[in-house]
Amino acid sequence: MRLYRKALWGVGVCALALLSLGGFLVVVGLFDRFVVHGWLTFVEQTVLTRSIILLIFGFLFGLSIYLPFLTRTKAGGSVIGLKNPLGAVEISQKAISEFIQRIGKGVEGVEDIKAAIKSSDEGVDVYLTLSAQAQGEVPRLIDELQTVVKTYLNKTVGIENVREIKVRVAKLI
Amino acid sequence: MTEAQEYEVDKKVTLGLIKKAVGQVEGIHSIKRSLFKEGIKVKKLEEGLAISLELLIRQGGFVPQIVEETQKKVSEEIEKTLGTKVAKVDIKIRGIKSSS
Chain A
52 MRLYRKALWG
62 VGVCALALLS
72 LGGFLVVVGL
82 FDRFVVHGWL
92 TFVEQTVLTR
102 SIILLIFGFL
112 FGLSIYLPFL
122 TRTKAGGSVI
132 GLKNPLGAVE
142 ISQKAISEFI
152 QRIGKGVEGV
162 EDIKAAIKSS
172 DEGVDVYLTL
182 SAQAQGEVPR
192 LIDELQTVVK
202 TYLNKTVGIE
212 NVREIKVRVA
222 KLI
Chain B
189 MTEAQEYEVD
199 KKVTLGLIKK
209 AVGQVEGIHS
219 IKRSLFKEGI
229 KVKKLEEGLA
239 ISLELLIRQG
249 GFVPQIVEET
259 QKKVSEEIEK
269 TLGTKVAKVD
279 IKIRGIKSSS
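Residue numbers (our numbering), protein chains in the order written: chain A, 52 to 224; chain B, 189 to 288.
Certain hints may be false.
To be verified - Partial chain B-side listing against chain A, Cβ under 7 Å, derived:
id : residue
1  : L203
2  : V255
3  : L270
4  : K273
5  : D278
6  : K285
To be verified - Here are the computed lysine to aspartate or glutamate pairs in the EDC-like style, where the Cα-Cα straight-line distance is at most 16 Å:
id : chain 1 : residue 1 : chain 2 : residue 2
7  : B       : K220      : A       : D194
8  : B       : K276      : A       : E141
9  : B       : K280      : A       : E215
10 : A       : K134      : B       : D278
11 : B       : K285      : A       : D176
12 : A       : K134      : B       : E264
13 : A       : K134      : B       : E214
14 : A       : K165      : A       : E141
By construction, these hints were calculated from the structure, which means they are not laboratory data. Yeah, the Cβ is synthetic: ideal placement off N, Cα and C, and Gly gets one too.
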């Protein structure tokens, strides 16, 4: 997720949490509603503070409309395009990653594996993070894993331009 | 000589034919569904129908072959049954399901 999106989500979630917490405290009786009313009345009295509050609430309102759209576009996720004369063909990176994880776990010595894929004009890069068994030979295991993943992408998914398969051993069990 | 007949086909009929054609392809697990929509879109273009499908496929098959077979089956089914030209069949693979 891009940094500005993270920031917008952070602001949205914090604002929602503060507003709901404030509402909850007022309803429960821990916070007097007249204090809130008095504070809002005080804030409204000068033009400058009123404008600032207007800007803040306007921004939050805009954010409440923008965030669901952000989720909608994200739902489609990133995809890898395959060549085909009969129409556009896209395969979601999430689907490929999940399947790589499944076949990766079938390699002897792999305890757990996470896969991520990046696609560019030059080719497809695969990033694997794995937990492996300590008694297994790690170089052999990585070599086998890379071969299995590359064969799968070439022969099953039909992605020919696999550029790199980077493996990071995160844990030896 | 008979005059060319004009007729309209309900969208549900087109969708039914697409589902039937997709169901005949061995490597397809199902058409992707979400809470509010099904993964089939049909648009009428000047060149013919533009069909877009979101699919879940079965593990094991060669993906480009499954995709091509689906595109051909869908085009054939629509063109043969309705006599409507299919301009393109776009496919989005949303998931790979194990065969079990």
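Do the hints match the structure? See the list:
1. L203: This hint is violated: L203(B) lies away from chain A, its Cβ roughly 17 Å from the closest one there, beyond 7 Å.
2. V255: With a minimum Cβ separation of about 5 Å from chain A (threshold 7 Å), the hint on V255(B) holds.
3. L270: Cβ of L270(B) sits 18 Å from chain A, so the hint is violated.
4. K273: 13 Å, violated
5. D278: 4 Å, holds
6. K285: 9 Å, violated
7. K220(B) <-> D194(A): Violated, at roughly 35 Å.
8. K276(B) <-> E141(A): 14 Å, holds
9. K280(B) <-> E215(A): 24 Å, violated
10. K134(A) <-> D278(B): Given pair K134(A), D278(B) holds - Cα atoms ~11 Å apart, limit 16 Å.
11. K285(B) <-> D176(A): Cα-Cα ~23 Å, so violated.
12. K134(A) <-> E264(B): This hinted pair is violated, its Cα atoms lying about 21 Å apart.
13. K134(A) <-> E214(B): With Cα atoms ~21 Å apart, K134(A) and E214(B) exceed 16 Å; violated.
14. K165(A) <-> E141(A): This hinted pair is violated, its Cα atoms lying about 22 Å apart.
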